[in-house]
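With these hints in hand, go ahead and build the complete structure from the sequences.
Given next are the chains, with one letter for each unit.
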Amino acid sequence: MSINEINLARDLVCTARQRYTIYWAMLGYLLIACILLVFTASRATYKIQQGVDFNRQAQVLQKRFTSRYANQPGMEAYAGLLKENLQKKAAQADAINAALPVTMYSTLPLLNLLDDPAQSGRMNKLSFEQRAKESGKPELTFSVMIPEVAGGAGAEVPASLQRWRNDPILAREFATITPTTTERGSSDGEAFSILKYKAVFREY
Amino acid sequence: MSMTDKMKFKGEHAIGLDISQDRIVATHFIRTGQGLMLDQLAVREYASGIPDKDIAKHIRELWKSRRFSTHTVCSCIQSHAHIVRYFRYDNLTLAELPKALALEAEESLQLPPEDVVMDWCLNNPAGADENQTVEELSGVLVAVPREQVLQHINLLRAGGVYPVNIEVGCSALTNLCQFMAPSAVQSSVCLINLSERSADVVMLANGESYPRTLFSVKDRWENNMEYLLENIKDALLYYHLRVKKTSVKKILLTGRMPDLPALVDQLAKATALPVEVPDLCSDPRLAPAIRREPAELLKNCNLVTGLGLGLRKPQNEY
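Sequence lines, in order, name chains F and Z.
If you're matching positions, the first sequence starts at 1 in our numbering and goes up one per residue.
If you're matching positions, the second sequence starts at 1001 in our numbering and goes up one per residue.
Keep in mind the hints are simulated off the structure, nothing from the lab.
You may find that some hints are simply not true.
Claimed, not checked - A short list of chain Z residues far from chain F (calculated; beta carbon distances all over 10 Å): (1) W1063; (2) Y1089; (3) E1136; (4) Y1238; (5) L1298.
Claimed, not checked - Each pair of labels, with its calculated beta carbon distance range: (6) P1098/Z - L27/F: 48 to 56 Å; (7) S1108/Z - Y29/F: 55 to 63 Å; (8) E1114/Z - R17/F: 19 to 27 Å; (9) S42/F - Y1162/Z: 29 to 37 Å; (10) H1071/Z - L37/F: 19 to 27 Å; (11) T1032/Z - S42/F: 38 to 46 Å; (12) K1269/Z - D11/F: 41 to 49 Å; (13) R1157/Z - R17/F: 40 to 48 Å; (14) I22/F - K1269/Z: 54 to 62 Å; (15) D1279/Z - D11/F: 33 to 41 Å.
Please read all numbers here as calculations on a predicted model, not as lab measurements.
Built from N, CA and C at the ideal position, the CB exists for glycine as well.
Structure, rendered in structure tokens:
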């Protein structure tokens, strides 16, 4: 060692080796801190972007609402009102649902077929019993008037009955359609037969 | 320190920072294709005698204004209390040397060992086994009161810089001489660097050095010329008698002195040796950065210590 390597602070400051270690440790720390900073900044930017988008959407919705529902005090109040109405309607629907029978019977398919006098005759009477005396089940009783022609009405009855029984729509609604009585009558000099039927609804 | 470690720490560089009575001189050297080159020189004046906290403020402002690339500094102690002493022991082992030097430092400074900071260098360090008696052990001992070193380190830290080397004016002077005139170091030369009230004197021959620091306590050198000349003559004589090696061939005189040409004449007469005043601006590695500084700031400014400190290689410390 020569005179120009004298160092009075040799034991009072960090050595070159320590400084070297500290330097790289600090560099590593800085690198990690930078990575964390970038990560945090990107997350924050993403969230801010989301917030800005959300705000923009909210403004668009607010504008659309204001233009469409000018008389309403505000979106929140309007939403409350709608909710209240919806609750009322739901309560009404519940009440109707509770009042209605479990099974709904429809006579429309039958009426639709009986609407053709040429095929089925003219509808005379139609009655419905929710609970029939004999069977205790809902029953439909109806009669049709058929003008008497040469050969009598007896030939017509099975044909229309067979057609009803084969009809898939009627088969879905009614379990059985059976003839009960036949009467004869006249009106305005014209003789006709009155055929009575009993239809039992299909129960599901 | 191994060669690998030296290479590993080579990237570290430091600013030379000389804080004298009324000036701060900071120098930064960079390594170029042609070797080391002075990259930045900064001089800042302040009122003499201001407290350390104000000097620290000046250091901070200097660093802020000059935007130095590092805060690591090599500085030197400017204290009247320090000793720089040539030593020579006969028949002593290297293991015994630190104790002998510690005793010498305690005696010189009249302080307990825990209050003394010292360092030394050997003129002929090669070879010897630590426990083997060496016929002649010679070198330079530097010792300073610990309090002053700590005060200086605290001043630098308060100034926002980190000291890695604290040395003395003589070592900085040797650094600069080895940089500017490496051939002169091999011949026998006496270097003198004058500050306002102190003078670093170093005799260099064959890579060995004999340093001494002179102080003018009462007055400036220009008013105490006789004392300066006497002491330089004494140093030369003592070197000649004690070291018993080649006699000094010439004197290189640097530093601040209002009437430097007169001193050159007187010194030449008193010592019967040629006296040269090296021009720092004649060295192309120093001149560009020196010329960039305002001339009035450099007037009566001693750049030698600052430049010598800037040439210090911090990676040599371990």
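### Query
Range hint 55 to 63 Å: satisfied by the CB atoms of S1108/Z and Y29/F?
About 45 Å separates the Cβ atoms of S1108/Z and Y29/F, which means 55 to 63 Å is violated.
### Task
Confirm or reject the claim that K1269/Z and D11/F have a C-beta distance inside 41 to 49 Å.
At roughly 46 Å between Cβ atoms, D11/F and K1269/Z fall inside 41 to 49 Å, so the hint holds.
### Message
A cut-off of 10 Å on Cβ-Cβ distance, and L1298/Z was said to be off the interface with chain F. Does that hold?
### Response
24 Å, holds
### Check on W1063/Z being off the interface with chain F, judged by Cβ distance over 10 Å
18 Å, holds
### Task
Return holds or violated for the Cβ distance of H1071/Z and L37/F against the range 19 to 27 Å.
With a Cβ separation near 24 Å, H1071/Z and L37/F satisfy 19 to 27 Å, so the hint holds.
### Task
Beyond 10 Å from every chain F Cβ: check whether that's true for Y1089/Z.
The claim holds: Y1089/Z sits with its nearest Cβ about 17 Å from chain F, beyond 10 Å.
### Status of the given 38 to 46 Å range, CB of S42/F versus CB of T1032/Z
Because 42 Å falls inside the window, the suggested range holds.
### Message
The hint says 29 to 37 Å between S42/F and Y1162/Z; measuring C-beta to C-beta, is that right?
### Response
The hinted range 29 to 37 Å holds for S42/F and Y1162/Z, with Cβ atoms some 35 Å apart.
### Task
Please confirm whether Y1238/Z is truly not at the interface, meaning its C-beta sits more than 10 Å away from all C-beta atoms of chain F.
Holds, because the least Cβ-Cβ distance between Y1238/Z and chain F comes to about 17 Å, which exceeds 10 Å.
### Query
For E1136/Z, is the shortest beta carbon distance to chain F beyond 10 Å?
17 Å, holds
### Query
For the pair I22/F and K1269/Z, does the Cβ-Cβ distance stay inside 54 to 62 Å?
Given about 55 Å between the Cβ atoms, the range holds.
### Task
Return holds or violated for the Cβ distance of P1098/Z and L27/F against the range 48 to 56 Å.
37 Å, violated
The structure fails hints 6, 7, 13 (numbered hints given earlier, in ascending order).
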